[in-house]
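> Based on these hints, arrange chain H on the given structure of chain Y.
Read off the chains here:
There are 2 protein chains.
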Amino acid sequence: MDIVEQIVSGDIRATARLLRDIDDEIPSARDILRELYPHTGKAFVIGFTGSPGVGKSALVDQLAICYRKAGKTVGILAVDPTSPFTGGAILGDRIRMQRHFDDPGVFIRSLATRGHFGGLTRSTSDMVNVLDAAGKQVIIIETVGVGQDEVEIANSAHTTVLVTVPGMGDDIQAIKAGIMEIGDIFVVNKADREGSRNTVRELRNLIGLGARKRNGDDWEPLIVETEATKAKGIEKLYEAIEKHRAYFLTTNTEKWRQILQKRAKIQFVGTLKDQALRVLLERIEAHGDSFDEMIQKIVDKESDPYTIAQQIIDRELG
Amino acid sequence: MDIVEQIVSGDIRATARLLRDIDDEIPSARDILRELYPHTGKAFVIGFTGSPGVGKSALVDQLAICYRKAGKTVGILAVDPTSPFTGGAILGDRIRMQRHFDDPGVFIRSLATRGHFGGLTRSTSDMVNVLDAAGKQVIIIETVGVGQDEVEIANSAHTTVLVTVPGMGDDIQAIKAGIMEIGDIFVVNKADREGSRNTVRELRNLIGLGARKRNGDDWEPLIVETEATKAKGIEKLYEAIEKHRAYFLTTNTEKWRQILQKRAKIQFVGTLKDQALRVLLERIEAHGDSFDEMIQKIVDKESDPYTIAQQIIDRELG
Numbered sequence: 000m001d002i003v004e005q006i007v008s009g010d011i012r013a014t015a016r017l018l019r020d021i022d023d024e025i026p027s028a029r030d031i032l033r034e035l036y037p038h039t040g041k042a043f044v045i046g047f048t049g050s051p052g053v054g055k056s057a058l059v060d061q062l063a064i065c066y067r068k069a070g071k072t073v074g075i076l077a078v079d080p081t082s083p084f085t086g087g088a089i090l091g092d093r094i095r096m097q098r099h100f101d102d103p104g105v106f107i108r109s110l111a112t113r114g115h116f117g118g119l120t121r122s123t124s125d126m127v128n129v130l131d132a133a134g135k136q137v138i139i140i141e142t143v144g145v146g147q148d149e150v151e152i153a154n155s156a157h158t159t160v161l162v163t164v165p166g167m168g169d170d171i172q173a174i175k176a177g178i179m180e181i182g183d184i185f186v187v188n189k190a191d192r193e194g195s196r197n198t199v200r201e202l203r204n205l206i207g208l209g210a211r212k213r214n215g216d217d218w219e220p221l222i223v224e225t226e227a228t229k230a231k232g233i234e235k236l237y238e239a240i241e242k243h244r245a246y247f248l249t250t251n252t253e254k255w256r257q258i259l260q261k262r263a264k265i266q267f268v269g270t271l272k273d274q275a276l277r278v279l280l281e282r283i284e285a286h287g288d289s290f291d292e293m294i295q296k297i298v299d300k301e302s303d304p305y306t307i308a309q310q311i312i313d314r315e316l317g
Numbered sequence: 000m001d002i003v004e005q006i007v008s009g010d011i012r013a014t015a016r017l018l019r020d021i022d023d024e025i026p027s028a029r030d031i032l033r034e035l036y037p038h039t040g041k042a043f044v045i046g047f048t049g050s051p052g053v054g055k056s057a058l059v060d061q062l063a064i065c066y067r068k069a070g071k072t073v074g075i076l077a078v079d080p081t082s083p084f085t086g087g088a089i090l091g092d093r094i095r096m097q098r099h100f101d102d103p104g105v106f107i108r109s110l111a112t113r114g115h116f117g118g119l120t121r122s123t124s125d126m127v128n129v130l131d132a133a134g135k136q137v138i139i140i141e142t143v144g145v146g147q148d149e150v151e152i153a154n155s156a157h158t159t160v161l162v163t164v165p166g167m168g169d170d171i172q173a174i175k176a177g178i179m180e181i182g183d184i185f186v187v188n189k190a191d192r193e194g195s196r197n198t199v200r201e202l203r204n205l206i207g208l209g210a211r212k213r214n215g216d217d218w219e220p221l222i223v224e225t226e227a228t229k230a231k232g233i234e235k236l237y238e239a240i241e242k243h244r245a246y247f248l249t250t251n252t253e254k255w256r257q258i259l260q261k262r263a264k265i266q267f268v269g270t271l272k273d274q275a276l277r278v279l280l281e282r283i284e285a286h287g288d289s290f291d292e293m294i295q296k297i298v299d300k301e302s303d304p305y306t307i308a309q310q311i312i313d314r315e316l317g
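As you go down the protein sequences, you meet chains Y and H in turn. The first sequence: position 58 = 57 (numbering that gives the first Met the number 0), numbered continuously. The second sequence: position 276 = 275 (numbering that gives the first Met the number 0), numbered continuously.
Since the hints were derived computationally from the structure, they do not count as laboratory data. Misleading hints may appear alongside valid ones.
Said to hold, decoys possible - DSSO-like cross-link-like pairs, simulated, lysine-lysine; straight-line CA separation at most 30 Å:
#1 Lys264(Y) x Lys296(H)
#2 Lys41(Y) x Lys296(Y)
#3 Lys300(Y) x Lys254(H)
#4 Lys235(Y) x Lys261(Y)
#5 Lys231(H) x Lys242(H)
#6 Lys254(Y) x Lys71(Y)
#7 Lys296(Y) x Lys231(H)
#8 Lys254(Y) x Lys264(Y)
#9 Lys71(H) x Lys41(H)
#10 Lys242(Y) x Lys300(H)
#11 Lys242(H) x Lys300(Y)
#12 Lys264(H) x Lys296(Y)
#13 Lys41(H) x Lys300(Y)
#14 Lys231(Y) x Lys68(Y)
#15 Lys41(Y) x Lys261(Y)
#16 Lys264(H) x Lys264(Y)
#17 Lys296(Y) x Lys261(H)
#18 Lys261(H) x Lys300(Y)
#19 Lys254(Y) x Lys242(H)
#20 Lys261(H) x Lys231(H)
#21 Lys264(H) x Lys300(Y)
#22 Lys261(Y) x Lys71(H)
#23 Lys68(Y) x Lys300(Y)
So that you can see chain Y by itself, here it is in the shape it has in the complex (with noise of 0.2 Å):
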């Protein structure tokens, strides 16, 4: 069996040996995912996103062991910005794995981006492909979700779920305002500390406020109190979150292709830059000259970062 037929038959190893690759952008990976596209399209994407403490894991890895109750097979990807500087991602990857060691229906894998100039969207959107193809039946992407790409990453879930908890400090009402037209759930986690009942008028409020009409569909968002580390509220949750994704199933059917062809923009867009950037870097070097000599050109002023550019676009693609 070569790797893509590994994958698409479940295998574990082979799906996080190609993830890995993704991660380290290793050019091979390409070939891969290409081969392994039509067997995209099926998952159901959930996309958790809120500031960091908010306890989005611990939710995460309950709502997890309720759809493998319901016998659905679950992929967990969580994008960590934080996580180039440490290695954090991959020890927190061990940790969490262990909730669920015994079950190899679920896969978790965190996303140790490297801080390099963009693509975290893409990678995440071609890792969810992978666990498509791999046939998990749920896939969670976790996001911090107040960066482009988090907010982006989230925009492209079947279902968004925003995680917020009681008391988050002054500025929360412009941050709820901001992001409220991409939420379709609202969970205030750490519902047992003071506050929490506030939180919810508040949300729902702003819900009233019809904040989310510019999304063009008539979902009203709903809201749920939990307590994570204590199991509590998880099946609201997960009966809010099938309630949403009966919605769009029956009522607004358009949206799941919707779905689709904002990750086909992403993955296409994502990777024409991406290859035409190494092809220019390329050539720079193929052209007899050296990329740490432009860019000192640029700091001493003897030339500047859009002239430089504007060249080689006209000599290569001119």
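Using the frame of chain Y, we list chain H on its own:
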């Protein structure tokens, strides 16, 4: 006077117009950036980063007042990825401008990022150049500091200030460890809250663990407690920042240069990538293909994103 001369002479209206054009990705902005480039490289750039709700804006506004008292002009760029959804950024600018309304020496601008395919890091970097050329002596960039872009932006400042508050939840330990290495100064804001001393102690321990060493300098990060809304501790923060500036202007003289190199790389590679993509998308249409039809083919599984992207690269750059 043309717009370049206007900006270099410190004209606020011309500066604001160019920043808006950069945000709107208007092609002519690049020509102006090119002409402004020789006038850049003088400003001292400070990055402020921290989760939503920690009080970054209040802190930055207070610090701006300090720098004004010291006779310096100040530019503030607030990177707010949530703003595309509500237009909240513009409102926020107006409220904040009122705090400095009688002072033309302070310029505030929020980046209403459009959520397009990347580009946040580059536009921020371009905007720093504009404020620099416009004669702002101190430029403060505010970011939420958890997204990939935000970390990169903070990383390209001369001095990076990480802001936290007491009791930010149980995940904070991991987060701190993750972003530890980019912090030159740590601020515990809302220091009147319970647990402030604990947070300071935790930070001191983390610094002691030498998590920072990978950056390759021997600066020992400073910790400052503040209450921004009462203007408490701001002088100490100001002194800490000035101490760090003195450090690399005298002890670690390479750093100023490294920061310029980083900015040059972001601007050069970013421009190259964006321009290449623009030309390639134009070529798709020129070749008689439609972008939307291509995406449709991918969704319908008649092809895949990787194959189509490669075909275009081969045709145009082969």
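> Each of the hints needs a verdict: does it hold here or not?
Evaluation of the provided hints:
Of the pairs offered as hints, the one joining Lys264(Y) and Lys296(H) holds, with about 11 Å between alpha carbons and a cut-off of 30 Å not exceeded. As the CA atoms of Lys41(Y) and Lys296(Y) are separated by approximately 51 Å, the hinted pair breaks the 30 Å bound. Using a Cα cut-off of 30 Å, the hinted pair Lys300(Y) and Lys254(H) holds, with the two alpha carbons roughly 18 Å apart. About 29 Å separates the Cα atoms of Lys235(Y) and Lys261(Y), which keeps this hinted pair within 30 Å; it holds.
A C-alpha spacing of about 19 Å is found between Lys231(H) and Lys242(H), which places the hinted pair at or below 30 Å, so the restraint holds. Of the supplied pair hints, the one linking Lys254(Y) and Lys71(Y) holds, its CA atoms being roughly 22 Å apart against a limit of 30 Å. A threshold of 30 Å between alpha carbons decides the hint, and for Lys296(Y) with Lys231(H) the separation of about 44 Å lies outside it, so the pair is violated. With a C-alpha separation of about 15 Å, the suggested pairing of Lys254(Y) with Lys264(Y) holds against the 30 Å cut-off.
Taken as a hint, the Lys71(H) and Lys41(H) pair is honoured in the structure, with Cα atoms around 13 Å apart against an allowance of 30 Å. Distance restraint check for Lys242(Y) and Lys300(H): the Cα-Cα separation of roughly 28 Å lies within the 30 Å cut-off, and the hinted pair is therefore satisfied. Between the alpha carbons of Lys242(H) and Lys300(Y) the distance comes to roughly 28 Å, so the proposed pair stays at or under 30 Å and holds. Among the hinted pairs, Lys264(H) with Lys296(Y) is consistent with the structure: their alpha-carbon atoms are about 11 Å apart, no more than 30 Å.
The suggested pairing of Lys41(H) with Lys300(Y) holds, with an alpha-carbon distance near 13 Å, which does not exceed 30 Å. Taking the CA atoms of Lys231(Y) and Lys68(Y), the gap is about 16 Å. The hint holds against a cut of 30 Å. The suggested pairing of Lys41(Y) with Lys261(Y) holds, with an alpha-carbon distance near 15 Å, which does not exceed 30 Å. The hinted pair formed by Lys264(H) and Lys264(Y) meets the criterion: a straight-line CA distance of about 27 Å does not exceed 30 Å.
Note on Lys296(Y) and Lys261(H): the hinted pairing holds, with a Cα-Cα distance of about 13 Å set against a maximum of 30 Å. Proposed proximity of Lys261(H) and Lys300(Y) is supported: the alpha carbons are some 14 Å apart, at most 30 Å. Distance restraint check for Lys254(Y) and Lys242(H): the Cα-Cα separation of roughly 54 Å exceeds the 30 Å cut-off, and the hinted pair is therefore not satisfied. For the hint pairing Lys261(H) with Lys231(H), the CA-to-CA distance comes to about 34 Å; that exceeds 30 Å, so the pair is violated.
Simply put, Lys264(H) and Lys300(Y) have alpha-carbon atoms about 13 Å apart, close enough for the 30 Å limit, and the pair holds. For a cut-off of 30 Å, the pair hint linking Lys261(Y) to Lys71(H) is broken: about 46 Å separates their Cα positions. For the hint linking Lys68(Y) to Lys300(Y), the alpha-carbon distance of about 63 Å lies beyond 30 Å, and the restraint is violated.
Of the hints listed earlier, those the structure fails to meet are numbers 2, 7, 19, 20, 22, 23, in rising order.
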